[in-house]
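Peer 1: So you can see what is in the structure, the chains are spelled out below.
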Amino acid sequence: MRRFSWLYVPAGLTYLFLYLPIVVLVVMSFNAAETPYRWDGFDTAWYGRLFDDRAVREGLINTLVVAAGATALSTVLGTLLAVGLARYTRSKLLDAIAVAPAVLPDIVLAIGLLAFYTAVQFTLGLHSILLAHTVFGTAFVAAVVRTRLAHIDGSLEEASRDLGATAVQTFVRITLPSLAPGIIAGALLAFSLSIDEFVIAFFTAGPQDPTLPIVIYSMVRFGVTPEINALATLLLAVSFTFVIAAQRLSRLTESL
Amino acid sequence: MSEHRGAPTGEPLVSIQSVSRRFGDVQALEQVSLEIRQGEFFALLGPSGCGKTTLLRILAGFEHPDSGSVTLDGADLLAMAPHRRPVNLMFQSYALFPHMNVAKNIAYGLEREGVPRREIRERVDEVLATVGLTGLARRRPHQLSGGQRQRVALARAIVKRPRLLLLDEPLSALDKKVRAEMQLELKRLQHEVGITFVVVTHDQEEAMSLADRIAVMSEGRVRQIDAPVPLYERPADLFVADFIGANNLITGVVTTDGLRVPDVGVLPCPAAPDAVGATATLAVRPERVRLGADGGLVGVVRDVTFFGGTTRVAVDVTGLDRPLLATVAGAAAVGLGDKTRVDWSGADAVLLDRA
Amino acid sequence: MSSTLTPQRAARTDVGPRGRRAARRERLAGRLATLGPGLGYLVVFLLVPLALVLSYTLFHRGRFGGIVYEASTDNFTRVADGLYLGVIWTSVKLAGLTTLLALLLGYPTAYLIARLPRRWRTVALVLVVLPFWTNFLIRTYAWIILLNSEGVINRTLTGIGAIDRPLELLYTPGAVVGGLLYAYLPLMVLPLYSAIERLDPQLREASANLGARPARTFWSVTLPLTLPGVLTGCVFVFVPSLGNFVVPELLGGGRTVMVGNLIRDQFLKARDWPFGSTLALVVIALLVLLLMAQAWATRRLAGGNRA
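Chains as they are written, first to last, in the numbering used here: chain A, 26 to 281; chain B, 17 to 371; chain C, 192 to 498.
Pulled out of the complex, with its shape left as it was, chain A reads as follows (with noise of 0.2 Å):
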């Protein structure tokens, strides 16, 4: 019924300038040849090479700690963050030093922080990875809490306030239960971001323990290999899962 739009044709490229790489990494995982540009058959034999590789077991291991630590850390301070900005303060500046994380390139925060570490001569290891993550994740929990709690009724606190609740009790038992949604968005957003996070990691990471993206990157700049394409396309279906999970889960929570 709807005539022919000329929009589909960018649109239509837009989509398959996204996907088409993707679909040939997945393809390419499953390939038998050595290099990972001819086709040599279906052989899943690259992923049982992937699960014997100590450095990306090791990697993953320490991105997860990394990213567990770091996540637990931004969600308290962000969601503080969140509910001091809205409610007790109109300043600008503290505004834009609570985004300003977020918006920042990366390498200006890697540098920052690896002089940092440096000046109070910090050993580096996974703990300055952790805490340089902190500072993004507890912006982007921040950010995503202070969305929800600009659609939160304030009235609900002062009619807390009014039947007798003390300030910590309505923060507890009205604030903190209306901002979950956004909570845990933020937290899974702080918690796939750090997961994948590169530059900030390469410049604080100790000499011992590289992250997956570290590990990746090595990989990649020494040669490429098909073990890569199997890594690749395990990690494109767990993020894929994930961020279709994260999206039924805030359809959920919108719900309620």
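Among the hints, a few may not be true.
If you anchor each label on the Cβ, the simulated ranges turn out as follows [said to hold, decoys possible]: (1) Thr347(C) x His80(B): 40 to 46 Å; (2) Ser188(B) x Tyr33(A): 36 to 42 Å; (3) Ala406(C) x Asp369(B): 49 to 55 Å; (4) Ala406(C) x Arg134(B): 25 to 31 Å; (5) Pro102(B) x Tyr33(A): 29 to 35 Å; (6) Thr191(A) x Leu352(B): 48 to 54 Å; (7) Ile177(A) x Asp369(B): 50 to 56 Å; (8) Ser49(B) x Ile177(A): 49 to 55 Å; (9) Arg338(B) x Thr191(A): 17 to 23 Å; (10) Ala127(A) x Gly445(C): 28 to 34 Å; (11) Phe39(B) x Arg446(C): 45 to 51 Å.
It should be emphasised that the hints constitute simulated quantities derived from the structure, not laboratory data. No residue lacks a Cβ here, since even glycine has one placed at the ideal position from N, Cα and C.
Fit chains B and C to the given chain A structure using the hints.
Peer 2: Using the frame of chain A, we list chains B and C on its own:
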């Protein structure tokens, strides 16, 4: 049918023939046919979802009927793209361009026609004066009050001198006082510019006070097209009788003496010799119902509501499932719980949906 | 600040001097408890590091690395040197081209998504964002496989006989732009989508009703009103593109050097942190200029979208 209050010339301007439109499971318009005359103030009245907005959007070209035809001055309107139609719409939300000031908003349509710059300026100034907004030309829409925004929307539409001006719920966004003012203003303007106006509204009072003729719609169909007075006094069916103003509706069987209602008696109604024995509904306006008369029915006053100029009295009558409403001038002579008689003359009542 | 606007509004009627003092004390406590930890953290791990970088721009590198704390403006004179200025210019050009392409692809895409039926909209949006949630390095790596002289595109083209010899696709500025575009395109589509979606469709109808053809409606109504979204998208794409060093390295093969590569090398290879900091300051300055332009344009349209 009946005479008109205004002075439309009577020539049909727009002719809508058997227009139907369906959205999924909803039949928005079903075989709608009506004519709008040159120079008249026409209203499409009905509850939300009755199809009036769909009809308006079809006239503007934002919606297409599944079947039927629409002509303007005899030319096929449906074949014209929205931007080529000599039809302008005043949107319910006004849809003023927020990034343009008042003058630019009004000039927008003229610029599209390629009107020379000089003439645009003159016509904009002229129309600003007409709607009483001289001096606000440089304001942005968000700097205006609701009433002022509406005037800009109106000016933007009439400056194009369309053959047909459509107004979508023109007064609904205004507060009560501004609304009364705008109501007068719209009538004055329509008279002044001589453009045919079609107003869509769910507010019967608005339609009654503005329009020369009203089409009452419900569930995608036109129920009645008439001038306000006959529409009020001679509703064509139960829906119109119930929708326009307050009405007492009583169902019974037609006899030679009146309408027989079980457990109540025979009620006065106009003579309908051809319908004797049929079931019908009697409609009588509260202001036609007399209280404390000699004959009629006996009831107990259940509620008295004072409106200032008038008082509405609800009377419980044994055998009727709804209390009878009567409107009396000034304060009521009866009080809560009083026994009273109610009556009306058969000529003041209407018999509907005889079957 | 008026205390009636806060949740701390004294609910009881006894708002004597004592009650007021208690309310003020409670307010201060609330402020400290909520803002304290987060801001404290950001001061230590964001502001102090940034201040450090800023201060380094005035010093210079010691003979064996490290920092010599003697203030001078040498670093800035060096940035103005033709070589480095050239790199900065290349970076701005490539990031600018990436932004332009992202806008040209992203606007129609966002426009189309905003016009889809509601349940398809979410699907279309998720599809745009999905690749963004996969590892950035892997997304870049995928392009190596595609563009390599033995890669998928060249094999396909030689296979169908369109070309005799493989095209040199990888390790070109074009490959860098492609990689950057691939990395940041979703960041363009999202703000554009939200700007277009928020636009009252009646404004477009009003424009048509007043006699504007669809193209005129786009230029006079749709585009000006979505300009804040356009600018946000441009900042979101331009800024990370400018500072990126992975894409130029992996897809540019070191032949295309961008300012991000310079900064990385100054910190991790040349160990000239003061000069690296100065280059970073250039990036920050460009960012601040862009944000100011964006804020200005948004303010000019302010009231606009809400009116």
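Peer 1: Are the hints correct? Go through all of them and say.
Peer 2: Checked hints:
1. Thr347(C) x His80(B): 40 to 46 Å: For Thr347(C) and His80(B) the Cβ distance comes to about 44 Å; the hint holds.
2. Ser188(B) x Tyr33(A): 36 to 42 Å: 38 Å, holds
3. Ala406(C) x Asp369(B): 49 to 55 Å: At 54 Å between Cβs, range holds.
4. Ala406(C) x Arg134(B): 25 to 31 Å: 26 Å, holds
5. Pro102(B) x Tyr33(A): 29 to 35 Å: 33 Å, holds
6. Thr191(A) x Leu352(B): 48 to 54 Å: Because 51 Å falls inside the window, the suggested range holds.
7. Ile177(A) x Asp369(B): 50 to 56 Å: The hint (50 to 56 Å, Cβ to Cβ) holds, given that Ile177(A) and Asp369(B) are roughly 52 Å apart.
8. Ser49(B) x Ile177(A): 49 to 55 Å: 52 Å, holds
9. Arg338(B) x Thr191(A): 17 to 23 Å: 54 Å, violated
10. Ala127(A) x Gly445(C): 28 to 34 Å: The hinted range 28 to 34 Å holds for Ala127(A) and Gly445(C), with Cβ atoms some 30 Å apart.
11. Phe39(B) x Arg446(C): 45 to 51 Å: For Phe39(B) and Arg446(C) the Cβ distance comes to about 59 Å; the hint is violated.
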